[in-house]
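2 protein chains.
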Amino acid sequence: MADPKENLQMEKIVSLCKRRGFIFQSSEIYGGINGFWDYGPLGAELKRNVKELWWQTMTRQRDDVAGLEATIIMSPAIWKASGHVDTFSDPMCSCKQCKKLIREDQWWTMMCEQSWVQSLAAIVEADTNKLNGEDLLKWAKTKGKGLAPNLALVRNPEVTLSWMAEELEKGNPPVDAKEYYQYLATEQRGVTGLVKPCPHCGGELTEPRPFNLMFKTHTGPIESEENIAYLRPETAQAIFVQFKNVLETSRQKVPFGIAQVGKAFRNEITPRNYTFRSREFEQMELEFFIKPDEAIEAIHGAVFTPTPNSQLPAPQPDWGWQAWHQYWVEERVRFYEGIGLSRETLGFHIQTKEELAHYARACTDILFKFPFSKKDETGNVKGDELEGIAARSDFDLSQHQRFSGKPQHVFDDELRQAWAKLPKEKQDDLWRRYYENRRNYLTKSGVEAEPAAKQATDDANALAKGNYVPHVIEPSAGVDRLILALIANAYSESTTTDAKGKSETIYTMKFHPRVAPVKVGVLPLLKNKPELVNKALAVRDLLRPWMNVYYDDGGSIGKRYARQDEAGTPFCLTIDFDTLGEKPELLDTVTIRYRDDGRQERLKISELRDWLLVKIR
Amino acid sequence: MADPKENLQMEKIVSLCKRRGFIFQSSEIYGGINGFWDYGPLGAELKRNVKELWWQTMTRQRDDVAGLEATIIMSPAIWKASGHVDTFSDPMCSCKQCKKLIREDQWWTMMCEQSWVQSLAAIVEADTNKLNGEDLLKWAKTKGKGLAPNLALVRNPEVTLSWMAEELEKGNPPVDAKEYYQYLATEQRGVTGLVKPCPHCGGELTEPRPFNLMFKTHTGPIESEENIAYLRPETAQAIFVQFKNVLETSRQKVPFGIAQVGKAFRNEITPRNYTFRSREFEQMELEFFIKPDEAIEAIHGAVFTPTPNSQLPAPQPDWGWQAWHQYWVEERVRFYEGIGLSRETLGFHIQTKEELAHYARACTDILFKFPFSKKDETGNVKGDELEGIAARSDFDLSQHQRFSGKPQHVFDDELRQAWAKLPKEKQDDLWRRYYENRRNYLTKSGVEAEPAAKQATDDANALAKGNYVPHVIEPSAGVDRLILALIANAYSESTTTDAKGKSETIYTMKFHPRVAPVKVGVLPLLKNKPELVNKALAVRDLLRPWMNVYYDDGGSIGKRYARQDEAGTPFCLTIDFDTLGEKPELLDTVTIRYRDDGRQERLKISELRDWLLVKIR
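For the record, the sequence lines run as chains Z and C. Under numbering that gives the first Met the number 0, the first sequence has 447 at position 448, and the numbering climbs by one with no breaks. Under numbering that gives the first Met the number 0, the second sequence has 136 at position 137, and the numbering climbs by one with no breaks.
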């Protein structure tokens, strides 16, 4: 199983999630399945609310975005065009002794977590320079046998140590701890070089091989090469391949976006951090298609380019990719703020040129400071990725155009007319820049110089006639990560001590009312008074068509409040004798109690619905 | 590709779905992928609405149902316990000549569709009794060569015909057309018996083998037996394996249900009827857990059993499986009625004893009369399945209890107390009946007689102490089928002829407002009057937080109405000069136009939201 115990805070969160039915291990009664997690009753509601809000915000509330719901299994040709078949892989080693699999880039981290390494480290650190053969020999013949029976040093200590001694005489001392541990494992490979030992057993690891992260299956009854299909590793490609269909049926014009929410699958070698990196997950992706900057410049004379800190107005026709990219970063941050993740809980990572794919212009990651997020060298927690907002140029549609042979460009009459009116020098300048961009894309994507130049010429000529392949800004968010962030952010505990000195820990999930699984608890003061119960049921039925209501008549009011606090219900309504008119002026009013501070106030039943709707929308 | 052209009506529907962005072929620009369909902008909204309504109705609006969202890939042990690994298969033949795959149970249907069969049939029917060798020989040497080159009659006509003649002499004339065509294909197998010819090429088909319909993949990097995983072929099993977790975290008690909406996958050999039978589809399933009838009888003295036509009241504690089954059939029919599928468009199929699985007590299928639905022998269209409501006894949880070794029973203190007070004869009677049911389940599930008797004894003893494995009623609906039913039901066309005699066909999608993708179109009378446009935008923004609004200012009002009619938008609002106060008494009113009859009336803007909310909820 993925190890969720990165620290105590995570342990507590995992425990509450299980106990209150937010998240369960998939297939738990069968021992689970590594990297898969289920959402229980509260988790399912939380997740629905988040996805619904995203869809509302990104699609229904906008004129310029259309929705899509595509299949998980698509033509395998798509993943060839997108590059996933060839390059969507992690480097993987396997141990020749214990057969376990290790991601090469996680090898050292895993080494440091093993008890045999820690045990050896004590000896090495005490005496590094002398490379004390005696202590190592002793370790190999005693403790080492149990901890790392397959380590060269343990299997054949004399040979390993004498080879190490020779190396030292040749003036080849290990330069760091990593190399030192490799020395201790060399015997398996003779004395020709260093090998990586297996973190688990000290055995020899194979050379890393690329392991493709896509889950593979076959469509139709024959398991042949031509029937291979993949579970999509991202939802984005479905949007690109349906770009033309959506454009033609939705009355949208560039700039516009296509939004999709759906499952994706990655066969991670080592799923970890609870639901943060799992093998089956859900994405919320928008592909927002824009005109190339050269087209904007042709039409508007110049491309509006914001400064990094400038507040952007509503979208304008002269925006280029930079303004649109910045706009979407801001929109997405506003979304997170709007569901309770304040700016202080978030972090940002602006990808460097080296990190960016060759076709990408920019990518800004929005991070959340999870309990398991590591500190950087300055001691600050930067956070882990919730969402990436990438400016992907015209790479995606261009690839599908090349691989499918189906044109993916759009015709823009405004551009055609504007272009015709430009002075010759301006036309030439724009033509040249567009040509360079297209040629650059083509050659970097593996097209030979000559056909690339020819194709880029055609593309630039097409631009002059009003045709271009749209560029794209991609805000791509992970649902499960966001759910985990919301849970971590909402989690709060406090310990109270009663008069008898007995202390009790109280857990409150402080979800924003917009995402809270249950919006309101309806509680009759007493279970055995039909008038109270009937009134409470009437209040429940009044609110239920509009929001998720939890009716609870079991136990003391205090216990019921505590239960709703743990579920993260922001409001509780109590129906008491005053509701029935014991104090006539309070007839048909209820007590509303706020989860976060226990504050109570009195509200008329007739005003409840609208009062709550304002809070939860 | 799946053949959607069952008839003209289907062709029209498919065409409108593509043209208006309801449904696209998955991966279309790469030639598509058989059995997979995407939902475009309008389809995605329609589907969201349907799923949301189901969830609201089945989960949020009820106290006795909790939600779940489990993974698509689960432990393979689940599919062993459920029986899917061993028996979820179709009989499949392959052609030794053209290698095509044929579902054995579809062979004759496919044969009848082929032109070579139709061509031969003409000869055979003209002259069946004589088995006219001459005409057959002529056909084999001319037409047959092009149509069915691999048919024995064509490849080796003399041998085939002489073998047929021998058979006839022996008094073995073909008994029906099916057998006749088999005669014509015998040469491939010599003269030892009859073989089925391939519908496509006349070649020899292999014997049928079971082909498992689950998509198979591997988790983790090694493609080994122990890493096999399946894409779930149904969402139900995820509910069963999380039964205990949900029970323990949700404060539910039997009777209660767990609801789930999600994707499922079946590797159909021949997907067909557009989206009706596809390889990737979505289900909405409720597993409603109830007490065994013996427990009800122990507690309440008798089990309430309704007559088939009796109107059921709200659920009662003395309901056994029959009442609950009938209740859920009625609830589900009400759901369909509530989204526009009237009882006349639906059909029912009550499964016979022979059709039911050994553990099932009953199953009622709710059918919809699709354009492709076939007529029965009496000429009536019965319809094709939208949903099955099955009474599955305690089979599912019992299987998982046996296979996982984790107890799946619940403890019911009311039962324990009631049991203790029963007279001895009654206890014995209930004990015996429960014992027989349990033993029956166990032996039919492959447990040997002796251990089955022992286990059943333990189970009956446990019942006497208040413990039982819950029974289950399962309303299981297909989302995609329902979407197709809603589209087929909404589709309407009418042809108008204008003054010049030019006729035009108008398409209207008469969706119920609850499911309609767009609820209201907001249309300024003129695009070039800022006052009208601004007012219209204000109306759009007023309504948008509450429903899906489409703003449209392009083209004549008539054109815009027609566009919304095709999209199925039930209401359009027009903002005109009266809205701005040209007639002072009409200030801040709009014209609302009804899609289905074109009726128009005037409404105040301030009342719009509530007026519409009542209609669309």
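There's no promise every hint is true.
Given that identical chains are not distinguished, each listed pair holds provided it fits within a single copy or across any two copies.
Within a straight-line C-alpha distance of at most 25 Å, the following computed DMTMM-like cross-link-like pairs (lysine to aspartate or glutamate) qualify [stated by the list, open to error]:
| no. | residue 1 | residue 2 |
| --- | --- | --- |
| 1 | Lys17 | Glu124 |
| 2 | Lys558 | Glu247 |
| 3 | Lys425 | Asp587 |
| 4 | Lys252 | Asp552 |
| 5 | Lys528 | Glu413 |
Derived by calculation from the structure, the hints in this document are not laboratory data.
> Which of the listed hints are not met by the structure?
Replying inline: 1, 3
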